[in-house]
Amino acid sequence: MIDEAGITELIRVKIPDAQVRITDLTGTMDHYDIRVRSAAFKGVPLIDAHRMVSNALREAHADGRIHAMQIKTDVPES
Amino acid sequence: MNEIREKIDKEVAENTILVYGKGTKDAPQCGFTLETIEFFNHFGYPFQVIDVLQDTSKRQVLAEMTDWPTLPKVFIAGKFYGDTDILLPMAQNGELQKVLEDAFAGKGIKPTVKLH
Chain A
1 MIDEAGITEL IRVKIPDAQV RITDLTGTMD HYDIRVRSAA FKGVPLIDAH RMVSNALREA
61 HADGRIHAMQ IKTDVPES
Chain B
1 MNEIREKIDK EVAENTILVY GKGTKDAPQC GFTLETIEFF NHFGYPFQVI DVLQDTSKRQ
61 VLAEMTDWPT LPKVFIAGKF YGDTDILLPM AQNGELQKVL EDAFAGKGIK PTVKLH
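In order, the protein sequence lines correspond to chains A and B.
Just so it is clear: in the first sequence, position 39 is 39 by my numbering, and no numbers are missing.
Just so it is clear: in the second sequence, position 45 is 45 by my numbering, and no numbers are missing.
Calculated directly from the structure, the hints in this document are not laboratory data.
Worth double-checking, as some hints may not be accurate.
Distance ranges between label pairs, derived from CB positions [stated by the list, open to error]:
1. A:Gly6 x B:Lys110: 21 to 27 Å
2. A:Thr8 x B:Lys7: 35 to 41 Å
3. B:Ile109 x A:Asp3: 42 to 48 Å
4. B:Asp9 x A:Asp17: 37 to 43 Å
5. B:Gly108 x A:Ala62: 38 to 44 Å
6. B:Glu38 x A:Pro45: 23 to 29 Å
7. B:Glu101 x A:Thr23: 31 to 37 Å
8. B:Ile4 x A:His67: 21 to 27 Å
9. A:Pro16 x B:Gln48: 38 to 44 Å
10. B:Gln48 x A:Leu25: 24 to 30 Å
11. A:Asn55 x B:Ser57: 18 to 24 Å
12. A:Thr8 x B:Gln48: 35 to 41 Å
In this text the structure is predicted, and so the values were computed from the model without any measurement.
Idealized CB from N, CA, C, for every residue including glycine.
This is chain A alone, in the form it adopts within the complex (with noise of 0.2 Å):
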């Protein structure tokens, strides 16, 4: 189990800017539905700006913590 404050911080360790909204999708506190929006992912092809997010939380999801997450990214708008 993982809370939602916990996952944010896993994900602004490596993106910084990223703005974070999270469901827990099954009240379980390890089915997440994770969106994050930053400038970090302009220009770079979909499952790459996914790969930076599971990345990110890769340990947690090794070590069970998070046990499924879908993810949504997308850019600011400028």
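Please build the complex by placing chain B on the supplied structure of chain A, with the hints as guidance.
Frame of chain A; chain B shown alone:
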């Protein structure tokens, strides 16, 4: 590890659309795997689902080779496409339909028309 990698390469080569997931087509064990199966059912092209839920070493090799930690993992015509978080936006802008047409064009396979 090499044996596992060889097996994965063979599976990817043999199946134009391949989903590594949790559970089987008939009995998915995870909501995201189910979602992916429903996603491809909608397109009507043949696809294969390989269950790796219990196979920790294969999951590890898959995660390393794709740089993608989660299941399901989707390969189309040998290329890795992540999961429906990637495929859904691709379907919405028409990119995926083109990828699938090209993937199956050489095989003479057309999508089956489904009556809903």
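Comparing the hints with the structure gives:
{"no.": "1", "hint": "A:Gly6 x B:Lys110: 21 to 27 Å", "in the structure": "violated, 48 Å"}
{"no.": "2", "hint": "A:Thr8 x B:Lys7: 35 to 41 Å", "in the structure": "holds, 38 Å"}
{"no.": "3", "hint": "B:Ile109 x A:Asp3: 42 to 48 Å", "in the structure": "holds, 47 Å"}
{"no.": "4", "hint": "B:Asp9 x A:Asp17: 37 to 43 Å", "in the structure": "holds, 38 Å"}
{"no.": "5", "hint": "B:Gly108 x A:Ala62: 38 to 44 Å", "in the structure": "holds, 42 Å"}
{"no.": "6", "hint": "B:Glu38 x A:Pro45: 23 to 29 Å", "in the structure": "holds, 25 Å"}
{"no.": "7", "hint": "B:Glu101 x A:Thr23: 31 to 37 Å", "in the structure": "holds, 35 Å"}
{"no.": "8", "hint": "B:Ile4 x A:His67: 21 to 27 Å", "in the structure": "holds, 23 Å"}
{"no.": "9", "hint": "A:Pro16 x B:Gln48: 38 to 44 Å", "in the structure": "holds, 41 Å"}
{"no.": "10", "hint": "B:Gln48 x A:Leu25: 24 to 30 Å", "in the structure": "holds, 27 Å"}
{"no.": "11", "hint": "A:Asn55 x B:Ser57: 18 to 24 Å", "in the structure": "holds, 21 Å"}
{"no.": "12", "hint": "A:Thr8 x B:Gln48: 35 to 41 Å", "in the structure": "holds, 37 Å"}
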